[in-house]
Amino acid sequence: MIIAEGKPLVEVAGLIKDAKKVLVVGCGGCVTVCLAGGEKETGILAAELRLLRKKEGNPLETVEVTLTRQCDPEYVEMLNKYVTDDVDVIVSLACGVGVQFLAERYNKWVVPALNTKFAGGTVAHGVWEERCGLCGECILYKTGGICPIIRCSKSILNGPCGGSQGGKCEVNPETPCAWQLIYDRMQALGKLELLMEIQPPKDWSKSRDGGPRKVVREDVTIDG
Amino acid sequence: MADFEPKIIAFCCFYCAYSAADLAGSMRLQYPANIRVIEMPCSGKTDIRVLLEAFEDGADGVYVLGCMEGDCHFLKGNFRAKRRVREAKKILDEIGIGGERLEMYNLSAAMGPRFAEIAREFTDHIRKLGPSPVKLKPGTATEKAPTGQ
Amino acid sequence: MVESKIAKILSKGQFLVSGEIGPPKHADPSEIKKHATLLKDYVDAMNLTDNQTAIVRLSSIAAGVHVLQAGGEPIIQMTVRDRNRIAIQSDLLGAYSLGMRNILCLSGDHQSFGNHPTAKNVHDVDSLQLIRIVKDLRDEKKFACGEEIKGQEPRFFIGAAANPFADPFEFRVMRLEKKINAGADFIQTQCIFDMERFERFMALVRERGLHKRAKIIAGVTPLKSARAAKYMQQSVAGMIVPDEIINRLEKASDPKAEGVAICVEQIKHLRTIEGVAGVHIMAVMWEDIIPTIVKEAGLYPRPKVE
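Chains as they are written, first to last, in full-length UniProt numbering: chain A, 1 to 224; chain B, 1 to 149; chain C, 1 to 306.
There may be inaccurate statements among the hints.
[What the hints assert, rightly or not] Here are the simulated distance ranges between beta carbons:
(1) A:ASP85 to B:ASP93: 42 to 52 Å
(2) A:GLY145 to B:LYS76: 58 to 68 Å
(3) C:GLU199 to A:LYS191: 45 to 55 Å
(4) C:SER59 to A:LYS214: 37 to 47 Å
(5) B:PRO113 to A:GLU129: 22 to 32 Å
(6) C:SER59 to A:GLY167: 32 to 42 Å
(7) A:SER207 to C:SER59: 40 to 50 Å
(8) C:ASN115 to A:ALA103: 30 to 40 Å
(9) B:ASP93 to C:ARG200: 54 to 64 Å
(10) A:PRO176 to C:ASN115: 40 to 50 Å
Keep in mind that the hints were calculated from the coordinates and are not lab data. Think of the CB as a built atom: it goes at the ideal place given N, C-alpha and C, for glycine as much as any other residue.
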């Protein structure tokens with residue numbers, strides 16, 4: 001899932017400082033699961049903002065709505081009845097995708113309440129870790145199911161570098177060296193010799209490159 | 001400030017503090033009338049949002065009462081409450097209301113006197129702090145926002 | 001045609017001595033020129049570091065020009081941290097046009113260690129892929145994209161780094177082999193303090209015959225004080241400094257002289273290890289000491305090359 005975390009309250013408050021009424025929009029997708037932008041967090045953020053503004057003697061009206069997903073137009077549409085003329089700002093608790101979908105749909109000032117962090121998973125309750133670099137061309141079959149693109153601090157494809165010691169990365173002693181993990185796993189699977197193959201430079205054009213990437217599935221598109 | 005009577009909300013766990021409050025009553029123990037007791041199924045149910053909304057709605061102080069550590073009816077609810085209170089205190093500091101207006105205490109159903117003692121202590125504490133900064137500002141009308149889809 | 005001076009020395013089986021100069025954090029080349037002039041008769045070549053520890057310094061290629069002008073032989077270090085494959089190849093063409101003939105291909109220290117920790121790193125290619133790119137430019141006359149070079153190709157003597165002290169130990173030799181397979185002609189190792197581990201490493205190297213396929217230059221670093229040794233032991237990733245060395249420096253009445261003595265002993269020992277083709281003296285912030293070490297190690301005068 002996409003992992004996000006809340007921006008500092010003062011930052012969000014600063015983004016809506018001139019607003020009298022804001023629409024605070026949560027998302028029922030990834031950010032609900034990672035406890036950053038679901039219905040609960042939406043309620044807390046709205047309460048925080050109201051309380052802060054009340055203390056400043058400049059009360060704020062909030063309307064809270066949590067959509068099933070903010071990254072699908074049919075769910076975004078459900079916001080229509082709440083986007084009234086007197087709404088000054090829409091605060092989105094979705095990832096960067098949701099914020100943009102709201103901004104594309106409504107002629108309103110839309111601000112993000114979260115920082116979108118990475119594609120990852122839950123490693124312990126309340127702890128999420130990055131796993132995928134979204135590089136567009138998966139090579140996990142070459143590295144025993146451990147991604148060096150995102151888990152090696154230098155994205156080395158022919159690792160490990162000289163900074164790997166005691167199984168840890170030189171950049172952060174808390175971080176396991178991805179290439180130590182790859183080595184251990186390949187050895188355990190009896191496939192160490194695969195690591196002797198020189199991996200050529202990666203085709204980064206499939207990754208972040210020239211504008212937004214697009215996936216089109218002809219079999220499921222609906223002709224206009 | 002001497003005649004300031006704080007409005008205090010006490011979120012009380014059903015299994016301990018709520019019974020302790022009953023006991024304090026039947027023992028005819030005196031405690032300040034400033035306390036508004038709200039029954040919770042568990043202190044762990046006390047979400048950050050309700051703590052913040054209590055202040056929004058005019059509380060000068062808020063506290064959460066949960067079971068003694070290790071005695072939670074739901075095993076860990078009081079530990080969860082402890083963490084939530086800690087987090088909410090940070091938010092109150094950030095907003096400028098002051099985290100010291102929010103506390104958590106642990107007690108058991110048999111501790112009627114302790115219930116009364118906490119009520120007295122906390123009321124004195126809030127009385128010293130004075131009214132919540134939220135209440136001192138104009139435009140205090142609370143606008144309830146609709147929720148849900 | 002071999003154009004590199006160190007390639008010629010190594011091909012004759014002569015024991016190579018190289019040094020290292022860290023370019024300054026400003027635009028005045030006088031220190032580089034001074035060190036190059038001082039070292040040129042005592043070392044066969046000098047490494048010019050490429051923004052070492054991710055701290056902005058005068059460019060390694062520009063520093064190499066100053067070394068050439070002073071009569072020294074530069075080894076240009078190139079990291080993949082700051083350049084993509086376009087910039088790398090462009091700089092390689094430029095460096096060759098300016099007279100550079102040796103390159104050391106590196107990953108580069110992570111930017112979080114340097115003075116611009118919020119910079120974005122590149123890592124378009126890794127150090128191994130860089131070796132292959134330099135080799136293909138030279139031997140295939142082809143750019144990384146496969147396009148032919150119509151005109152003079154850059155003909156570098158290709159170096160790579162090896163760290164026998166990083167983990168996983170067994171894979172270190174395999175990765176060295178991978179670098180040689182990719183096209184490395186010579187290898188400079190991380191500075192060696194743990195001689196026992198290096199001996200084990202070299203035994204594995206000989207087992208695989210790697211010393212016959214590439215020239216292995218052993219890295220040494222003279223230590224000025226016990227404090228410097230402790231710093232290396234505790235704070236430099238991928239480095240093993242035995243307590244014995246720290247003890248010797250602590251007990252010495254003149255720690256600097258003791259540091260030199262230790263370094264000379266290490267060089268003399270390294271010369272006895274089969275497969276070690278030379279030493280690379282990394283005297284960080286202490287370049288002036290290199291002539292003394294070279295003389296005391298019995299490696300002076302250096303061979304003359306036509």
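Quick rundown of the hints versus the structure:
1. A:ASP85 to B:ASP93: 42 to 52 Å: Given about 36 Å between the Cβ atoms, the range is violated.
2. A:GLY145 to B:LYS76: 58 to 68 Å: Violated, at about 34 Å.
3. C:GLU199 to A:LYS191: 45 to 55 Å: The hint (45 to 55 Å, Cβ to Cβ) is violated, given that GLU199 (chain C) and LYS191 (chain A) are roughly 30 Å apart.
4. C:SER59 to A:LYS214: 37 to 47 Å: holds, 39 Å
5. B:PRO113 to A:GLU129: 22 to 32 Å: violated, 49 Å
6. C:SER59 to A:GLY167: 32 to 42 Å: holds, 35 Å
7. A:SER207 to C:SER59: 40 to 50 Å: Since SER207 (chain A) and SER59 (chain C) have Cβ atoms about 28 Å apart, the given range 40 to 50 Å is violated.
8. C:ASN115 to A:ALA103: 30 to 40 Å: holds, 37 Å
9. B:ASP93 to C:ARG200: 54 to 64 Å: holds, 57 Å
10. A:PRO176 to C:ASN115: 40 to 50 Å: violated, 27 Å
Checked against the numbered hints given earlier, this structure breaks hints 1, 2, 3, 5, 7 and 10; the rest are met.
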